[in-house]
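From first to last, the protein sequence lines stand for chains P and X.
Throughout the first sequence, residue numbering follows my numbering, covering 1 to 242 in sequence.
Throughout the second sequence, residue numbering follows my numbering, covering 1001 to 1578 in sequence.
By construction, these hints were calculated from the structure, which means they are not laboratory data.
Take these hints with a grain of salt, some might be off.
The following label-pair restraints were derived from C-beta to C-beta distances [claimed, not checked]: (1) X:Gly-1183 to P:Thr-90: 23 to 31 Å; (2) X:Ala-1184 to P:Leu-25: 48 to 56 Å; (3) X:His-1314 to P:Leu-25: 36 to 44 Å.
Far from chain X, some chain P residues (derived; all Cβ distances over 12 Å) [claimed, not checked]: (4) Ile-4; (5) Glu-16; (6) Pro-18; (7) Ile-89; (8) Tyr-96; (9) Glu-209.
Once the Cα atoms are required to be at most 20 Å apart in a straight line, the calculated EDC-like pairs of lysine to aspartate or glutamate come out as [stated by the list, open to error]: (10) X:Lys-1332 to P:Asp-28; (11) X:Lys-1060 to X:Asp-1094; (12) X:Lys-1151 to P:Asp-109.
Cβ atoms here follow ideal geometry from the backbone N, Cα and C, with glycine treated the same way.
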Amino acid sequence: MNIILKIQRYNPGTDERPYFQEYTLEVDPNERLLDALMSVKRYQDGSLGFRKSCAHGVCGSDAMRINGKDRLACKTLIKEVAEQDGATITVEPLRYMPVQRDLIVDQADFFAKYRSVNPFLINDAPVAEKERIQSQEERMRFDDTTNCILCAACYSACPIFAKQPAFIGPAAIVQAFRFLADTRDRGLADRLPALDRPAGVWSCENHFECTRCCPRSILITKRINQTKKMIEKLHAGEGEGS
Amino acid sequence: MIHQFDAIIVGSGGAGLYAALEASQRCRTAVLSKLYPIRSHTGAAQGGIGAALGNVEEDKPDWHAFDTVKGGDYLVDQQAARIMAEEAIQAVYDLENRGLPFNRTPEGRIDQRRFGGHTRNFGEAPVKRACYAADRTGHMILQTLYQQCIKNEVAFFDEFQVVDLVMDNGTCKGVVAVELSTGALHILAAKAVLFATGGFGRMYKITSNAFANTGDGPAVCARRGIPLQDMEFYQFHPTGIMGLGILISEAVRGEGGILRNRAGERFMERYSPTLLDLAPRDIVARSILTEVRAGQGIRGDRRIDDYIHLDATHLGRDTLMRKLPDITSFCKTYLGIDPADAPIPVLPTAHYAMGGIPTDIHGCVVRDGAGTVVQGLYAAGECACVSVHGANRLGTNSLLDLVVFGRRAGRHIGDYVQQAAAPSVSEADAEPARSWIARLTDGRPGPHGGHILEDMKLVMMEKVGIYRNAADMQNAIDTIQALRERYRTVRVQDRSKTFNTDLLEVIELGNLLDLSLVTAVSALNRQESRGAHSREDFPERNDTQWLKHTLAHLEGDAVRLDYKTVDTSIWEPKPRTY
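Work the whole structure out from these sequences, hints included.
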């Protein structure tokens, strides 16, 4: 089938403002949108800028807005976004991050916020046996959050950033929860400064846009709410103690 | 721009990050990567990491080492394999202690499952040796190591593409890299440089490899006089998604999945009576292709793209969801099928380079058959060749290789830089790279790289793939030489300095062309069949003449071949049956 890719172009060094450019190409409806972008880049216009790597939804490089939804280009089949021959697919960069070139955005803030939650196992106690023992049920409590590939689709989908740019964002909270819910971790106190503040977990208003768009099927909103409960429980305990 | 470090790590997959963790505790270390670190292809490894923990059933490192040697068709350096199998156990515990969320046994220990070629008691029957975290073990290793790098404040240069190696009288002084966001050239001087750039499956049309797997480290080294070892041994994974090449983990068969032909027959019974579907990958890949060629593929038309079925329908939805969730998701997304209900159409996919930059057991690069070390230069992971995989790698041994030898290299670097002198570099060291890039971007008319890339991938797939013969490989060499000639006139279309991904792809294409040439020439030269290298015109293994490693020197347009002895000090080579 033939499709028209309507792609937002922008080179901050030379363009005054972003603009759309259209490319017509023939594709198989079962191909990935990334295949179509690669076809444009290799055979029509080498100057088109976008990131990619694994091409099957596990590396997180090619998150972008496709027909207004935040998705991975390699996990989006043409037939899902083009209903009939000659259909136009609109492709834009992720929101709330400065565009560096076409579909490439600067993720420095996104990763700084990720780092702020201390995303590593915190537990200084020596390990008694060779491995720390953890039951199957305990392991499954945070299973879906270990899926996160830091693609930043949830960051772009979240409506909070429009009014609260300092919000730590869904992915960082998911990464915090991944450790907070791990029986081997002792890091709640260390992570509180990042999480327990207006721009931390308390900015979330349960819009569920992150959960809807997550290409790794993480129940993000639920994990944010569980994180809020952990913090509330900690404060309740502190209240009793004083 | 010139930067000075003690150690530079090129690549941020498992090997690079582990080396960085070790080296950064002892010296000023920087990691250079053309991707954000967590985007590296280690993250795509699925099934597990092999270690004889014995958590589920009896196992021993010696059995693991033997399986590795036999799996590699006796081209494995045996002391290196023994080191890997022995250090595997502590390596897995270290990962767990650092937070890696392994699946657990009912007793709460690290769970283990079966994988191809891994056996108990020197080949008796499959053994549960693969430690795993669902079917995203590589993702978990990459995440855990990156988390530890954050904790230990390792310095990163994200999205820097390495284009040259700076050598001085046989000693490594640093690397030259392009900063993608600005197009600026940087010289990173260091006492020690480690290449951990991963594989180069993108030289083949159908591959499980990421776009980024273009062999940048081996190609840069080869152009600076470093030989490449055993490049003729390239692994095709038996089960890639038909047409796309996306990996379907061997863990599907480890959990009980069965390969079937168009008659519904479990055809591996005929090829590997003992291990069946869990025979090593080279054997299973050849068996699939033999079935297809005999008209036993699912379509039955004997064409190269006919396929067979991987049947996991009897495993049950619960096992698939707990142990193979990503595989299930890939099938739903790309094939529109649920593996609980329907068999998966699969075909071999180019997957893993056994060969690469030759190193010793400390990750030190060696330049000749005598094992002479190149001072200051290291390699680890898929881009290196220790050699622990020989002629065919076993599943779960790649994650193990990069953890064990990434760590060993990092530790050796920590020692080495204490006594090494700081190198002196100047802007002149970047001149070769600068003039090359200036030519590529001078705006003159010239072909774009797209068609050259397609032609290269096709000829490598068809002529230097699973089954090989002299006429096909000579044809491939001629084609690649012609493509390299065309490449000399290629021009970058993008005129911007900012994120010029067009330039990046043209540089990557040059690397792939060089490695394709070395691979094809090494393969044509080896007149025997061993492991993944299957010659129709030389169908038998020939230990008298060919029990030796190939060392290929890229010298301009020519490839000069030399050899290196295989360490067979533990087990005498025997016929390989399963």
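Quick one: are X:Gly-1183 and P:Thr-90 within 23 to 31 Å, going by C-beta? Check passed, 29 Å falls within 23 to 31 Å.
Does the claim that P:Glu-16 lies off the interface hold, with its Cβ farther than 12 Å from every Cβ of chain X? The assertion about P:Glu-16 holds, with a minimum of 15 Å to chain X.
Is the nearest CB of chain X more than 12 Å from the CB of P:Glu-209? Non-interface label on P:Glu-209 holds, nearest chain X Cβ at 21 Å vs cutoff 12 Å.
Between X:His-1314 and P:Leu-25, does the C-beta distance stay in 36 to 44 Å? Hint holds: Cβ distance 42 Å, inside 36 to 44 Å.
Looking at P:Ile-4 again, its CB stays over 12 Å from all of chain X? Given a closest Cβ separation of 20 Å, the condition holds.
Verify the proposed pairing of X:Lys-1151 with P:Asp-109, using a straight-line Cα cut of 20 Å. Given pair X:Lys-1151, P:Asp-109 holds - Cα atoms ~18 Å apart, limit 20 Å.
When you look at the beta carbon of P:Ile-89, is every beta carbon of chain X farther off than 12 Å? Answer for P:Ile-89: holds, closest chain X Cβ roughly 17 Å.
Taken at face value, is the distance from the CA of P:Asp-28 to the CA of X:Lys-1332 at most 20 Å? holds (18 Å)
Check the non-interface label on P:Tyr-96: least C-beta distance to chain X beyond 12 Å or not. holds (18 Å)
Agreement of X:Lys-1060 and X:Asp-1094 with the hint, judged by alpha carbon distance not exceeding 20 Å: holds (19 Å)
Checking a non-interface call: every C-beta of chain X should be farther than 12 Å from the C-beta of P:Pro-18. Is that right? For P:Pro-18, whose nearest Cβ neighbour in chain X is about 14 Å away, the distance exceeds 12 Å, so it holds.
That 48 to 56 Å hint for X:Ala-1184 and P:Leu-25 (C-beta), does it hold up? violated (33 Å)
Hint 2 from the list above is the single one not met by this structure.
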